[in-house]
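Colleague: Please build the complete structure, drawing on both the sequences and the hints.
Protein chains in written order, with the numbering used here: chain A, 1 to 440; chain B, 441 to 677.
Take the hints with a grain of salt, since some may be wrong.
[Unchecked claim] A few chain B residues facing chain A, derived, Cβ under 10 angstroms:
1) 528
2) 546
3) 610
FYI, nobody ran anything at the bench for these hints, they're computed from the structure.
Please read all numbers here as calculations on a predicted model, not as lab measurements.
For every residue, glycine included, the Cβ atom is placed at its ideal position computed from N, Cα and C.
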Amino acid sequence: MIDAFRDAWLDASPAAQDALRLAALLAPAALTGALVLRGQAPWALVRALLLRFRWTNLLFALLMALSVGLGAALIAQERAIREGSARAAAPFDILVAAPGDEIGMMLAAVYLQPASAPLLGGEVLDRLQRDERLTLRAPLAFGDSHDGAPVIGTTADFLPRLAGPLAEGRVWETAHEAVVGARSPLRLGDAVAPAHGAGPAADAHAHEGAALTVVGRLAPTGGPWDRAVIAPVEFVWEVHGLANGHAPGDDRLGPPFDPAFFPGAPAFVISSETLAGLYGARARHSDAASMAFFPGATLARLHLLLGDLREAMSLMALAAQALSAAGVLGGLVALTRLFARRFALLRALGAPRRFVLAVVWAYAATLMGAGAALGLAVGAVGAEALATLVSARTDLALSAGIGWAEAHLAAAVFSLTTLLALAPALAAYRRAPVADLRGG
Amino acid sequence: MTRAFAAPVGRAVAAGPPVPDLRLENVEVRAPDGRAILSVPWLEAPAGAALGIRGPSGAGKSTLLLVAAGLAPVARGRVMWGEADLAAMSERERDGFRRARLGLIFQDFLLFEELTAQENAAVAAAWAPAAERAAIRARAGALLDRFGAPRDREVAAMSGGERQRVAAARALAGDPAAVLADEPTAALDRDNADRLAGDLLALAREAGRTVIAVSHDPALIAAMDRVVQVVDGEVRG
Chain A
1 MIDAFRDAWL DASPAAQDAL RLAALLAPAA LTGALVLRGQ APWALVRALL
51 LRFRWTNLLF ALLMALSVGL GAALIAQERA IREGSARAAA PFDILVAAPG
101 DEIGMMLAAV YLQPASAPLL GGEVLDRLQR DERLTLRAPL AFGDSHDGAP
151 VIGTTADFLP RLAGPLAEGR VWETAHEAVV GARSPLRLGD AVAPAHGAGP
201 AADAHAHEGA ALTVVGRLAP TGGPWDRAVI APVEFVWEVH GLANGHAPGD
251 DRLGPPFDPA FFPGAPAFVI SSETLAGLYG ARARHSDAAS MAFFPGATLA
301 RLHLLLGDLR EAMSLMALAA QALSAAGVLG GLVALTRLFA RRFALLRALG
351 APRRFVLAVV WAYAATLMGA GAALGLAVGA VGAEALATLV SARTDLALSA
401 GIGWAEAHLA AAVFSLTTLL ALAPALAAYR RAPVADLRGG
Chain B
441 MTRAFAAPVG RAVAAGPPVP DLRLENVEVR APDGRAILSV PWLEAPAGAA
491 LGIRGPSGAG KSTLLLVAAG LAPVARGRVM WGEADLAAMS ERERDGFRRA
541 RLGLIFQDFL LFEELTAQEN AAVAAAWAPA AERAAIRARA GALLDRFGAP
591 RDREVAAMSG GERQRVAAAR ALAGDPAAVL ADEPTAALDR DNADRLAGDL
641 LALAREAGRT VIAVSHDPAL IAAMDRVVQV VDGEVRG
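Modeller: Structural data, given as structure tokens:
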């Protein structure tokens, strides 16, 4: 029997599994509601309680919404960053760099974060060029910028892998032409004068006289390359006063490069036809002179590392929600005391104690349900706002919509609070009416 | 001045269960500190009678009413409605008895301000079995019409007189055998007090219901069949 359930679960689609999880999380609330409300019709009185202290009730619902919304926004944002960063790393099958810091090199090559990296020399180039099982071996040369956007040197065969067909224009045909990322403000025909370095320390005059003309625009990649200026690697080498990778008199652009005239590159992007081929390539090009690694795997390790932080944040968010819910429920206990005479009256009119329990529980559950539902809306708005901020800082295209995880969070909080709502309901249930009727 | 009502509201108001006599025997009520606050050696209200209870403030009148309703616990004695002894019942049984046989009216109305007159008067439908809800609502509407209270107006927008008429309709909507009223006219002006007292007693007498009212209002007391006094926790007269 258990095996049959397990098999059915494993056969179910992810959406079906998520829907079932949602149903399971809502089940305690539904079950409690079914038990508490069975045979009762408390909704007119619940409406009266809601309207009686409408602003206080609204405040309680908003507190709940804020609490759920913050948690939902954090979860949605974390997922969006994880997905966005993975999407940005997808075109980079394997990076080859000087042995050392994989994460630093991944950040530099994939996310174009300024970094100082040792260069790979002609020996590594030669080995890569001789490796016939590779389908791509594109050098990356970075360190220059234009108006704050990175200027990256590479070879034209990397562009289709990076972003597919060009969105506009054509690929460079000379060393003084460039393509720009999808979100670059530069237009076709614009001139680009690269500065040496990036950020406030960039030297605008270091490459004086060197200029690029924009001739093409990439399709969006969803990563920082969307703002970059991408030029022939020969141009980058030349403006730094280095050999351009080819023997004098050889005016070709792109591979193969002559190891004897290879000035060095901080990284290569390499690829192979098959997954097995990729693993083989990683093994072949990891030695004392170079390290080859999957940026996706490095990113996954980083996510795993940050996963602990995420769990800590999730726990803190949950704790904040529990505290908020406890505060709201404490307020509800106080509020229901204000209705004590009316509840006593209901008892005097013959209402069973269970009816009073149903009224108080339904009142609290309505507030909590409204707060949780509103919290998802707050979470969606908050996640979008956070995504805009993070996108502006990282150039990652983030899509932070509300998903199953946030719905699960709201459902869990709702169910938990409906169980906690039994506390004020039971307090009203146990209260003897006679003192309240006399209390005036 | 009291008004007599001739217009019937049909079965919705007139019909009801057989009305039992009320009989309190050797009843004693004590405060939580053990002090005796009410002693009733014997009190009887025949079915269909209008019994007035008067006495100084704090004498125990309201406690007597709560005892009769099964809301105040008694230290000893019997609270008999016909053959049913409220003092010997469980709380759940007392709830059920009140639900089926008694209607209560309070000095300060105790209405739900945000609900309409109809919703307040028919509030008992909320916990009644589903099959009885429509009848309670119909009776409540008919009673409001008879009391001249607008059905669909929110109670918050009503005058004191209108509110107490809604409270009276609520007390009668469950078709009780007896109505227990605690200072029902105390918060009303003379005209409204007379109108309510007249309507309530007329309706009760039409259906042969017992009315027990605690009151300082000489006009209401004068309209009752019999009056007892409560002084220093003792029932006299």
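Colleague: Does each hint hold? Answer for all of them.
Modeller: Cross-check of the supplied hints:
The interface hint given for residue 528(B) is violated, since its Cβ lies 18 angstroms from the closest Cβ of chain A, which is over the 10 angstroms cut-off. Satisfaction of the interface hint for residue 546(B) is found here, the shortest Cβ-Cβ separation to chain A being roughly 7 angstroms, below the 10 angstroms cut-off. Of the supplied interface hints, the one on residue 610(B) holds, with its beta-carbon coming within about 7 angstroms of a beta-carbon of chain A, less than 10 angstroms.
Figure legend: structure checked against the earlier numbered hints; the only hint not met is number 1.
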